[in-house]
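Here is how the chains run, residue by residue.
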Amino acid sequence: MDALLIYKFILCVIVFVISLGMAAYMTWGERKLAAILQDRVGPDRAGPLGLLQPIADGVKMFMKEEMLPTQSNRFLFILGPCLFMITACMTGAVIPWGSGITIGDVTYPMQIADINIGLLYLLGVVSIGVYGIMIGGWASNNKYSLLGALRASSQMISYEVAMGLALIALVMMTGTLSLGEISRQQDAGLANVVYQPLGFLIFIICAFAETNRAPFDLPECESELVGGYHTEYSSMKLGLFLFAEYINMFISSAVMATLYWGGYNFPFQHELGLEGNTLAILQTVALFAKIIIFIFIFMWVRWTLPRFRYDQLMHLGWRVLLPLSLANIFITGIVMYFLGKLN
Amino acid sequence: MLSEYAFWFLSFVAVFSAAGMIFSKNPVYSVLSLIITFFAVAGHYFLLGAQFLAAVHIIVYAGAIMVLFLYVIMMLNLNKLEEEKRSIWSKSLSVATGGILMLVLLAAVRRTDELNAIAAGEYDAAMGLTQNLGNVLYREFLMPFELASVLFLGAMVGAVYLSKKELA
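Protein chains in written order, with my numbering: chain A, -1 to 341; chain B, 225 to 392.
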């Protein structure tokens, strides 16, 4: 029991460090990718290929002067970015990062908490994630920040509905809310995206909206709102907001890979003749390859598509995605009925 | 033992944040205290083994309804305290309605001892799991469940109608 506890503690630290490391190098990746898409060079001063740029940025953020607007609410102003960062880091706890690693003769699952309401936990954390932006934006006492915060909250609530309904079709099919179980089911059968292509499409669009990424980055839309909810923020408090956005992207990529694209499983994994830890490590590498592909799509879309107008955003959320996800549930139900999978 | 400590901790948090919600002068602090109360109550549900209820409580109350509360408060920008002048009539009426609610709650609490005596023997820890809850809701109580959803639909239609009155 104690060994398990120590293992879980180490796993927590590893997941936390990897989340932060991925987020740091995603900022570098984003700038490089933007540079390639716009035919520029991008960051290349710090280290080879500019690889030390995230460290330089981090040092800059920490060294800058701490600024607090005089008319702001001090406590809430600092609470905002902290909350946003905490909720961003919380989601990693339920994701299965690999099948299981064997130390001695005990196999430990590579998942911090395989709770049987994992999907609901995920939705819960996503739904409280908006408080950081709202509180920060309101406490700044600036009308641009306030508008950004209001936009963020209404956008998050609108897209959560379609996201939850897209997941319901998946839950109907898999019959479980546990992410570990969903991953294991995809080991035996095909990846869920084969059965739920529409559900995946809805989910990825909602994931873009929930992480405030372009083309849904209305809360920080610089052409209308200066910087949106983080207009008044500087130094590492701004850094936390920006950093948490990248962690959110990383985690939602991991969620999409787990729920729809087979998780840590990869094709023909049992035909390779590998077993134990070698296979487990390869599976984790496969999961991270999938995650990096999704992160690439996040960035690719940002530097390709223009931003939505606010009414278009609401129209897409309520009049397109919501009916589509309801239809998806309906079709899933009918198909399951005719295949005799309902009891 | 651990769950007993957790119970006392959660109860402490719930009671104090609920008091903070009432006594706070700033509406935003009130909303934040209420969110903490919801988290504490969700923790109690977890201790009772009602995982689904706890998760849905967080998603619906803390994640959606309180966001809308906060949204409205920010929209109206109620950050300054404006003491409303109220007549003695409206004050005494609010005291009376609050007192009646208190009476109902006390009546419910008074009977918990009897209920406990029944439940203690046949308490099923797996009762609150999602699957069991679904089976009960969709097999035994399907009719009331569906009727409740019709009620919600009616409320939604009413709200849309009221907000679009000029078009009707």
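There's no promise every hint is true.
Okay, derived cross-link-like pairs now, DSSO-like style, lysine-lysine, Cα gap no bigger than 30 Å in a straight line [unchecked claim]:
no.	chain 1	residue 1	chain 2	residue 2
1	B	K388	A	K141
2	A	K58	A	K6
3	A	K6	A	K62
4	B	K249	B	K315
5	A	K141	B	K249
Worth flagging that the hints you see were computed from the coordinates, not collected in a lab.
Owing to the predicted nature of the structure, the values given are computational and were not obtained by experimental measurement.
Hint check results:
1. K388/B <-> K141/A: holds, 28 Å
2. K58/A <-> K6/A: Roughly 34 Å separates the two Cα atoms, so the pair is violated.
3. K6/A <-> K62/A: Not satisfied, since the Cα-Cα distance of roughly 36 Å exceeds 30 Å.
4. K249/B <-> K315/B: The hint holds at about 18 Å.
5. K141/A <-> K249/B: Given pair K141/A, K249/B holds - Cα atoms ~22 Å apart, limit 30 Å.
Going through the hint list in order, the structure does not satisfy hints 2, 3.
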